[in-house]
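Colleague: Chains as they are written, first to last, in the numbering used here: chain A, 1 to 334; chain L, 1 to 272; chain U, 1 to 497.
In case anyone wonders, no lab produced these hints; they're calculated from the structure.
Watch out, some of these pointers could steer you wrong.
[Unchecked claim] To give a feel for the contact side, a few chain U residues facing chain A, derived at Cβ under 7 Å:
(1) S90
(2) L94
(3) T199
(4) T224
(5) A228
(6) N231
(7) T235
Remember, it's a predicted structure, so these values are computed and weren't measured experimentally.
A virtual CB, placed ideally from N, CA and C, is assigned to each residue, including glycine.
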Amino acid sequence: MIELRGRSERFGERSDWLRRRLASLLASLAAASILLFLVVRLLPGDPANALLSAESTPEQIAAARRLVGSDVPLQQQFLHWLGQLGTLDFGESFISGLDVRAEIASRLAITVPLTLGGFVLALFVAVPVGYLAAARARSWLGVLIGNLSQFGIAIPVFWVGIVLTFVFALRLGWLPAGGFPLDGWSERGEAMRSLLLPVLTIAIVMSASLTRYVRSATLDVIGSDFIRTARAQGASYGRAMWQHGLRNAAAPVISVLGIELATTFIGAVVVEQVFALPGLGSLLVRAIAQHDYQVIQGVLFVSTLVVLCSGFVADLIQRLVDPRLAATRAGHAR
Amino acid sequence: MRRRIPHSLTAGTILVAVIVLLAVASWFWLPFPIDDMSGGRLEAPSWHHLFGTDKLGRDLFARSMIGARIALEAGFFASLIGGLVGVTLGLLAGFAQRWWDSIAASLLDSLIAFPTLLVAMLLVAAWSASLTTAIVAIGFAIATVIARVTRLLIKRVLNQDFILASRASGSSWPRIIVLHVLPNIWPTLLVALALQFGLASLSEASLSYLGLGTPPPNASWGSLLQEAQATVTTAPVGAIAPGLLLVALVVGTNLVADGLREYLDPTLRRQS
Amino acid sequence: MKPTKSIVRATIALLTGALAFGISAPAFAASTTDATINIGSLYEPQNLDNTGGGGQGVTEALNGNVYESLFKLNDSGKLTNLLAKSYKISADGLTYTITLRSGVKFHSGKALTSDDVKFSLSKVTAADSLSARKSAFTVVSSVATPDANTVVIKLSNRSISLIYNLSYVWILNSAATDFKTKADGTGPYTFGNWVHGSTIKLDRFAGYWGPKAKNKSVVFHYFTDATALNNALLTGAVDVITSVQSPDALASFKGTKFKITNGKSTTKLLLVFNDRVAPFNNVLVRKAVSSAIDDAKLLKSIWGNYGQVIGSMVPPTDPWYINLNKVNPYNVTLAKKLLAKAGLAKGFTFTLDTPNYDPHPAAAAFIKSELAKVGITVNINVITADEWYTRVFKKTDYVATLQEHVNDRDVVWYGNPDFYWGYNNQDVTAWVNQAEQATSAAKQTTLLKKVNRKIAEDAASDWIYLYPQIVVASSKVSGYPLNGLNSQFFAYNIVKK
Chain A
1 MIELRGRSER FGERSDWLRR RLASLLASLA AASILLFLVV RLLPGDPANA
51 LLSAESTPEQ IAAARRLVGS DVPLQQQFLH WLGQLGTLDF GESFISGLDV
101 RAEIASRLAI TVPLTLGGFV LALFVAVPVG YLAAARARSW LGVLIGNLSQ
151 FGIAIPVFWV GIVLTFVFAL RLGWLPAGGF PLDGWSERGE AMRSLLLPVL
201 TIAIVMSASL TRYVRSATLD VIGSDFIRTA RAQGASYGRA MWQHGLRNAA
251 APVISVLGIE LATTFIGAVV VEQVFALPGL GSLLVRAIAQ HDYQVIQGVL
301 FVSTLVVLCS GFVADLIQRL VDPRLAATRA GHAR
Chain L
1 MRRRIPHSLT AGTILVAVIV LLAVASWFWL PFPIDDMSGG RLEAPSWHHL
51 FGTDKLGRDL FARSMIGARI ALEAGFFASL IGGLVGVTLG LLAGFAQRWW
101 DSIAASLLDS LIAFPTLLVA MLLVAAWSAS LTTAIVAIGF AIATVIARVT
151 RLLIKRVLNQ DFILASRASG SSWPRIIVLH VLPNIWPTLL VALALQFGLA
201 SLSEASLSYL GLGTPPPNAS WGSLLQEAQA TVTTAPVGAI APGLLLVALV
251 VGTNLVADGL REYLDPTLRR QS
Chain U
1 MKPTKSIVRA TIALLTGALA FGISAPAFAA STTDATINIG SLYEPQNLDN
51 TGGGGQGVTE ALNGNVYESL FKLNDSGKLT NLLAKSYKIS ADGLTYTITL
101 RSGVKFHSGK ALTSDDVKFS LSKVTAADSL SARKSAFTVV SSVATPDANT
151 VVIKLSNRSI SLIYNLSYVW ILNSAATDFK TKADGTGPYT FGNWVHGSTI
201 KLDRFAGYWG PKAKNKSVVF HYFTDATALN NALLTGAVDV ITSVQSPDAL
251 ASFKGTKFKI TNGKSTTKLL LVFNDRVAPF NNVLVRKAVS SAIDDAKLLK
301 SIWGNYGQVI GSMVPPTDPW YINLNKVNPY NVTLAKKLLA KAGLAKGFTF
351 TLDTPNYDPH PAAAAFIKSE LAKVGITVNI NVITADEWYT RVFKKTDYVA
401 TLQEHVNDRD VVWYGNPDFY WGYNNQDVTA WVNQAEQATS AAKQTTLLKK
451 VNRKIAEDAA SDWIYLYPQI VVASSKVSGY PLNGLNSQFF AYNIVKK
């Protein structure tokens, strides 16, 4: 039931959708904030332990509790935190005394290039390779790619990191085995060299799974009616694929990309550990072990924000690209 | 009309069966008891110890068999939890309309923002690390993925004409769900779950590697890999064997998922 | 073709300049006092305040480098004067008069006075102080500052360890307010930059009162993964690793490029019994368990040929060390006999609370296997450091646990019946108190030796082994501390070729 709509009508619908989608984005964020706060505060275990040693006396234990403890009721704490969120002020860590926002910012300077770099590289590989695997599904190339990608998904990420470090850093000495330069991004060349192997690690693992998604989405499309109709109308195979296939295949892939990005953002912590990178994931791991509330809340909030926004962008792109979704607005299935 | 069973399904099933065999056998027979430390330190593979021994003298083959058990348990139970919870949530979200729909969509989105690792870390902070916390964390992650897939599938099905026709002829919603919706979506869901099975095992290994999963002295493949890392140059088998078994399991389940997809999807045609 | 000519000229000039620079480069390298030393460690500080929960890492990075104390414990365990020029003890041992060195300045420029000393001590003894050394100063009744260069400490009782304990009190600038993220000390380095999760940089302080540091700056690189740390040394990203955690990695450091040193350690691995509860309130049971475990075999499994077995809490570097390995020797028959005598011939079951970080899980698995041979069933319960602190250490809600204890001179904890292991022996408690009030080091040593022997005979805990202290460094560096006593790592003598 594809109804033809005029441009202005479609635009009106789109901005309508946009407004609604933005509203739901903000609602998600609010819901996530409440969830975050509760989850973090309900964690059992004493945050004061991080400050103590094996020789601590009972008075010291009490003092530590007072230092990190909350004599203020929970609702008040929550409101205080909401207020802080408004100015994006995440407070200070009571364990390290750090300004949480500044710390998150400096960690993002590593995690964002790491994740995006791996992501983009994986896309560059996965899209053509996946397409190829689907288009040549019966030839040796398609089978080979299919099997390689099978293998690629099965390998744990830390394995890849360890192997890459062994080959390129220890044996060949071309790249550093880990760490990030002292002055951060002001030593641009060194910073990029430090991120090369980690980005490659993430890209290898991600491209394996992305290849499979692209391949299966393309396979779906190849056998579909769109292509046959287009060809029946006289278009060449290539043209048909380009005009109809890609748009239809892209939709499920784009929605998957959002999920993959989310998983990688904090999942990169394993890569950070292997390559000793001070990224967001390792900050979170440490904060959770120490019950450093302020840091945990701050990091979770930022990462939720990133994930929700990328989901929003993915949705937007998907709507623009997938003709089926764009058309169903008219259908209004009960 | 009997369809031919795809190669991938056969190959995958064989691979998974090998691992299952190892796991099941571990209930009845182990070459050495798991606590036995009579072997030398980091022995090379031999007929006595097929995979060699670890730092404490334990037989690595026996430990790998237990690892198979743990990997399968993780995969099975996490997929079960994820599947049940996910399909339920997805059904609810799929049938939601107007702004309930938007809320459901954004809720599912924000749940995805909590990746497996994070949930596992929070659970471990609350209760100690164990296979159970790992399964719950991984099950949660699977549920979010399955919920999303289910919701999308249902949205697609609901847009079809025959749904409108059913409604017009007076069928109730439960009847429609059972007669029309479920039959249409279960093949895709089954394939998705088969895929998640292998990924769940992989996640459990990663969590154990980080110390957030099955705690020592239990021999999850991930823990074995972590222990062997320091000695990878002097005793490589300890680092390679569990990894290969893990790869075999995941590849196997992926092949099964692929094969199921080919077998079940009636619209899929080979390009002529 | 003028442009090409000028380009060629420019290129030649550049190349010559580069060559000249290249030739003179060795001249720069020869000046070793301008090197930057890169140190690799697993122990990042939590903050910069050692009375506010800075952790082990803050001692390693800052002690002796940025902050100084009145006295210094050097790498061989000898106490020397540092910021104290001299001191006098009254005849009754209750008054210590310390004269400060003159001309000492903090990095911020302020001069050191006795007020700073008084302030620093009060920070350790304050009600909200989280310092590990706080209880050592309960014996201090007053601190007076008669003039800018003199500090008078009055005690309520003799305390022979006072000078030793004072070596842990960092002298802080009394005018400073932020001790968690800033460090204004008197040491040979100023605190440079801290990139959390990554590095801490210290820069040589030109205005230092003593001999200047032999390197221009020091960078501590922090890792959470031991393999990543080893890789950093292999690729030259760091020059020295302060403490290697597993011997298997040492194989990759053989050869002339690296130097492995085995120093004196004070870290002990303990199987801790809760001496208050059954079955470990029975000395026979404790001795039985101690004799049932082959400590040497566990040491070999984890450390290969490094480390040593110990029979008590006291490491060989303490003056009151005795070789007590034979008191509870590895003897399965003896263990079974003792169990029978305790009425537990059929064995028993207990839960072993095991921290989840190395080497405790491996040790727990080994202990379980050994005790199974005498009929004792061990349930291994792996817990986080956090849970260990809350439940085991604070609430003492446990039967047995594993833990490593890092400091030297800590046998005195057995004189405190409220300490988490609950060992309560009146004689030992009395001896510990008397030792602290002893009038001479010799008397102190005699008393603590008695304590040492008694706790071994009572098997108050099972001391499994003493960790080795392995430092691996590139052959290009020298002058680094080999013993790393109490986690200190003095960097000012390190030179790089």
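Colleague: Which hint numbers does the structure go against, in order from smallest to largest?
Modeller: 1, 2
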